[in-house]
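So the sequences go chain by chain: A and B. Residue numbering for the first sequence follows our numbering, beginning at 1 and increasing consecutively. Residue numbering for the second sequence follows our numbering, beginning at 1001 and increasing consecutively.
Just to be clear, a hint being listed does not mean it is correct.
A few chain B residues facing chain A, derived, Cβ under 7 angstroms [unchecked claim]:
1) Gly1007
2) Ala1008
3) Ala1019
4) Phe1038
5) Cys1053
6) Ile1054
7) Gly1057
8) Asp1075
9) Ile1076
10) Phe1112
11) Gly1114
12) Leu1115
13) Lys1117
Pulled from the structure, derived: some chain A residues nowhere near chain B, Cβ distances all over 10 angstroms [as the list claims (entries may be wrong)]:
14) Gly28
15) Thr62
16) Leu63
17) Thr74
18) Ala89
19) Asp98
20) Lys111
21) Ala134
22) Arg150
23) Asp152
24) Leu155
25) Val162
26) Thr171
If you're looking for bench data, these hints aren't it; they were derived computationally from the structure. None of these values were measured; they are calculated from a predicted model. Even glycine gets a Cβ: it sits at the ideal position worked out from N, Cα and C.
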Amino acid sequence: MKILFSGGCKNGKSTLAEDCAVALSRSGGGLYYIATMIPHDDEDELRIKRHLHNRAGKGFTTLEQGVNLPDCVTKENAKGSFLLDSVTALLTNEMYHDGIYEPAAPDKVVKDLLDFAAKVENAVFVSDFIYADADRYNEFTEEYREGLARCDKALAEICDTVAEVCTGCITLYKGELPL
Amino acid sequence: MHFVIGGAWQGKLDYAKKAFDLKEEDIFRCTAEAEPDFSRPCLTHYEQYVLYCIRKGTQDYYNIPENCKVIIADDIFCGVVPIDEEIRLWREESGRALTAAAEKAETVTRVFCGLPKRLK
Chain A
1 MKILFSGGCK NGKSTLAEDC AVALSRSGGG LYYIATMIPH DDEDELRIKR
51 HLHNRAGKGF TTLEQGVNLP DCVTKENAKG SFLLDSVTAL LTNEMYHDGI
101 YEPAAPDKVV KDLLDFAAKV ENAVFVSDFI YADADRYNEF TEEYREGLAR
151 CDKALAEICD TVAEVCTGCI TLYKGELPL
Chain B
1001 MHFVIGGAWQ GKLDYAKKAF DLKEEDIFRC TAEAEPDFSR PCLTHYEQYV
1051 LYCIRKGTQD YYNIPENCKV IIADDIFCGV VPIDEEIRLW REESGRALTA
1101 AAEKAETVTR VFCGLPKRLK
């Protein structure tokens, strides 16, 4: 089963996604958290600490995979349940590598996400809804927003369940939750 | 009239084309620079028409023509309050104008990650 969650920041997406991944892992095969964030400052470190604290005791094995997502899948873990939190961070890492802007990153990430989803038994994806601003940003940011929308749409198409999370409340656009 | 709303790049136009059987020539893409072609049954980027009217000093966006079958708009009112005064005004007017459009509409659909959800 594949699930996509999107919505505003700090609205409960990660907690819900973790609970779904845990529920999916009951069928066996292991439970994996794909850590995508490459910390750049104290704020990132704090964010990671908070996520680690929230996940503690839920039984996740952490896989560090900031780029090239399908590389984290092996013969041993492919039958497991994976939580990718977040698509947003993955695209950032691929698009702004060592200060170099990579315009082809969205196409690569769409391909990586679909390859990854096809390889694993269960996956929960977390993305961010960043599409409702009146202001226009610089061209890099606009291309990033458009690129993330492409990732989201590609995932929404192949996922069994798609839901928006707003202040902890869930709106289902497709399928059911495994809870 | 059918109203389709959603964030940028969510697949609103693709959805509307399929759902309401629209052809390319049925669709007019509004801009902040020119009067729309109201003879077309579908106006997309209606929020840009709101900006065009603000610049002209009118509120014509409240008068939706009879022959208009589908209105599509970007939701631009959930993000950060913009610093620029015109964009700030536009953001608020879009909220009012699109709420009024949705009120007149027979159906309201929000498109999220390419997936439609009927709100009305």
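Consistency of the hints with the structure:
| no. | hint | in the structure |
| --- | --- | --- |
| 1 | Gly1007 | 3 angstroms, holds |
| 2 | Ala1008 | 4 angstroms, holds |
| 3 | Ala1019 | 15 angstroms, violated |
| 4 | Phe1038 | 24 angstroms, violated |
| 5 | Cys1053 | 15 angstroms, violated |
| 6 | Ile1054 | 12 angstroms, violated |
| 7 | Gly1057 | 19 angstroms, violated |
| 8 | Asp1075 | 5 angstroms, holds |
| 9 | Ile1076 | 4 angstroms, holds |
| 10 | Phe1112 | 5 angstroms, holds |
| 11 | Gly1114 | 4 angstroms, holds |
| 12 | Leu1115 | 4 angstroms, holds |
| 13 | Lys1117 | 6 angstroms, holds |
| 14 | Gly28 | 30 angstroms, holds |
| 15 | Thr62 | 27 angstroms, holds |
| 16 | Leu63 | 25 angstroms, holds |
| 17 | Thr74 | 29 angstroms, holds |
| 18 | Ala89 | 18 angstroms, holds |
| 19 | Asp98 | 27 angstroms, holds |
| 20 | Lys111 | 17 angstroms, holds |
| 21 | Ala134 | 4 angstroms, violated |
| 22 | Arg150 | 7 angstroms, violated |
| 23 | Asp152 | 4 angstroms, violated |
| 24 | Leu155 | 7 angstroms, violated |
| 25 | Val162 | 6 angstroms, violated |
| 26 | Thr171 | 7 angstroms, violated |
The structure shown violates the earlier hints numbered 3, 4, 5, 6, 7, 21, 22, 23, 24, 25, 26.
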